[in-house]
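Chemist: Next come the chains, spelled out residue by residue.
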Amino acid sequence: MSDDIKIVGLLCNWCCYGGADTAGTARMQYPPNVRIIRVMCSGRINPSMIFKAFEDGADGVFVGGCHIGDCHYDAGNYKWSRRAKIVQDIIEEFGIEKERFRFEWISASEGEKFQKTMDEFYKTLSKLGPLELE
Amino acid sequence: MIEIKHTLCPSCSVGCGINVILDNEEIVGTFPYKRHPVNEGKNCLNGRSSVENVEDELAFDSKVLDDAIGKLKSCNNEKITVVFSGNNSNEDLEAIKSLCESKGFNILSYANNLKNFDSVASYDDVENASNLFVIGNILYENPLIGRRIVHAKENGAKIYVNDDLENSPTSNIADEFTSLSVKEFLENNDFTDDSVILFNKVGSFEDLDLLESANSKLLPVYSKSNSKGALKLVDAISKEEALELLGNTEVLFIFNDDIVNEFDFDFKSIPQIISVSPSKNDTTEIADFVIATKSWLESDGSFTNAEDLTQEFSSVCESEKMGIVEIIEKISGELE
Amino acid sequence: MSYILARSSDNAILEAGECGGAVTSIFKYLLDEGIVEGVLALRPKDDIYDGVPTFITNSEDLISTAGSYHCAPTMVGDIIQKYLSDKKIAVAVKPCDIRSIEELIKRHKINPDNIYTVGLNCGGTVSPITGRKMIELFYDIDPNDVVSEEIDKGQFIVELADGSEKGVKIHDLEQQGYGRRNNCQRCDVKIPRKANIACGNWGAEDGWTFIEINDEKGQSLIDGAKSSGILETKNASEKSIEARSKVEGIMIKMSNKVQNAKFDEAEDMDVWKRCIGCYACRDICPICWCYENCELNKPYFKEEINITPNPIAFQGVRLSHISFSCCDCGQCDDVCPMDIPVSLIFDKLQKKYYNRTGYVAGVSDDIKPPLYSPDKVEL
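Residue numbers (the numbering used here), protein chains in the order written: chain A, 114 to 247; chain B, 433 to 768; chain C, 38 to 416.
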């Protein structure tokens, strides 16, 4: 049952994707359920992308961006951080548990943090089970 | 200068009101008509887009009308079939009927295998029923009657739905959903006189007899604004009868209808097709003679809705084109 | 901001008006002096329940718009934005109307220099057919005999041709599912302080309109109308200002009670099952202005027809685009063919946004809603 958990990960190219890469080259193990999509900046992400992911069958959505202040495009991650709060507010209203949506700031060197975050997220989602959207 | 005017929606037989917004006498959009008792300002997507097609302007050419009249003169009246469509107002239909009866033309009165029922439930009856039997995806196809079903459910009614689609809005509010044939649905259920059967389709013309004999109030919901008015004037025929009639037709005379999309029939096999229409459609594309006429937005008239309420509408803008009554007067005059 | 009482010097307007005829007089002044090309106001078409927005260009026609029409819940924000944005106009606005206009100004869809906004205090509106049913059931009066209605001291009061009145407590009406529209019951912006002036009868003496002047443009309106001779004014006493404040306070308290009671209901997923995806809510929303470019029209959001759309990918998208600017006008509720309480969820999310940022749609002074700001700030 837990192997069916589908996680969509939207990672920003400069920091978080680099972090995932670091985790990979160091052979750090994390659940294979994460399907990673690389975006150039977390500020590029529309809330509608998150909603479409849930509609299309994702059980959890993760967004990773640069640490605040470190955005490659200066202020993109600020914009994302504000939108992320809106997304949280909205998904609660439609029967999607808050824990299914997670966003973190992970830099390119923080391979271990990426691994840990994916592990935790996977465990949380396994407990919640697959998402049953009406 | 902008103005907002009242009119009726032409999309189906629920009989909703709708406001039209005009900017310097040109139609630019719709606006909710909240005072209208049938739909209280709510309109479905079809209703709100109904004013957009008026832009498919056809130009009136009197020569075309003369040529068409020529064809009518030269053809045997028994081989002329006139399409008696529910898209036309009661006033236009009376004129069409008189013409056909005086000349002996055939009348094709067809409503998707439905027919007229003299006594029908009112929309209030639907809201107050204890049991509602719904045939067809009514919430999606005729939303403003679907709304009455929603109210009925809130008032404690039990909703039985019979349709092909399982995930439709109509099946979602059903207490019991079946996708049996309409015939089986009608035979398997007990109806009482505090129940209402709402239907916008049937399996076959024969199902109508089962409906008639059911001990329940009925509400047929037709697909055109004045189907009820048309069927009250001329009884409907079945699909088989319609196809037979079309097969024996040499001149098909269509008033305001897109008939090619209603039948699986090779219309090009009919020698002459005359289409009187306010705008372009698939029928005018294949017709031999296309005669432009006023749309309902440019005319005065009345439509009778599914609950047998006749409502008047007034024109919201002017037009130089001839209305259907005028065209028929001219034809009658020439055919003397 | 200052407070005055005003009254029309024109007897016909004074009689037709709701309190002192000040609003109609100010419109007359603006039209007669050619300061505006036209006035957008409500006129009763078939009867008092059939209020239709009308663009008046001849001041003699203004008298037909005088009076309050509580059974005409219209929204003028999108009419101005779509059809009147290039004209100089004056418009009568309820608080929800001016809130939507403010939000559209922020989005550069309405030019504030082109409009004079005459605000009307609002305790709520009633849907016309609900209003008629309500009058039959609770007042035992033929709705066709009603010449005017009023909301005062917690009652919905109707007046007949012979001058007699009958009132029923709004609370009693609303307990039974009648009364004001749902969004009006929740609304906590009763005085349109973003309009140039805010007019009403709260705190006013009989035959006078209480006016709160909100900005310089509003002051120039009053001064101009006075010098043209159509309006007379006097100072508002401390007592009347207090009385008005008290009424406002009570109404806001009532709204907060309803908010607390109703917001929990937004999580009921059953209502979304009957959504038919007709886009009526999006098309009527005054804030939604993308039209053909709307994200919901894009191919990746196009659902199979005949199937109920998934609310997270249908309403969710619209919520993420505009919920923080929702003015709680309730038009989305009014036009939904399936009677889904759409405004409930939009209003709830606007309140959540307010709790995070202090931004109230159409009222807060921020130039942009925080979500659009280029500043390096987090919520």
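Just so you know, these hints were derived from the structure itself, not from any lab. The model shown is predicted, which means the values in this text are computed figures rather than measured ones. Heads up, some of the hints might be wrong.
[Unchecked claim] Listed below are the simulated DSSO-like cross-link pairs for lysine-lysine, each with C-alpha atoms no more than 30 Å apart in a straight line:
#1 299(C) / 211(A)
#2 437(B) / 170(C)
#3 294(C) / 585(B)
#4 339(C) / 211(A)
#5 143(C) / 203(C)
#6 547(B) / 529(B)
#7 236(A) / 389(C)
#8 339(C) / 633(B)
#9 310(C) / 240(A)
#10 615(B) / 529(B)
#11 615(B) / 310(C)
#12 211(A) / 310(C)
#13 547(B) / 495(B)
Chemist: If a hint holds in the structure, say so; if it doesn't, say that too.
Modeler: Hints versus structure:
| no. | hint | result |
| --- | --- | --- |
| 1 | 299(C) / 211(A) | 21 Å, holds |
| 2 | 437(B) / 170(C) | 24 Å, holds |
| 3 | 294(C) / 585(B) | 28 Å, holds |
| 4 | 339(C) / 211(A) | 26 Å, holds |
| 5 | 143(C) / 203(C) | 43 Å, violated |
| 6 | 547(B) / 529(B) | 17 Å, holds |
| 7 | 236(A) / 389(C) | 29 Å, holds |
| 8 | 339(C) / 633(B) | 27 Å, holds |
| 9 | 310(C) / 240(A) | 27 Å, holds |
| 10 | 615(B) / 529(B) | 33 Å, violated |
| 11 | 615(B) / 310(C) | 28 Å, holds |
| 12 | 211(A) / 310(C) | 22 Å, holds |
| 13 | 547(B) / 495(B) | 37 Å, violated |
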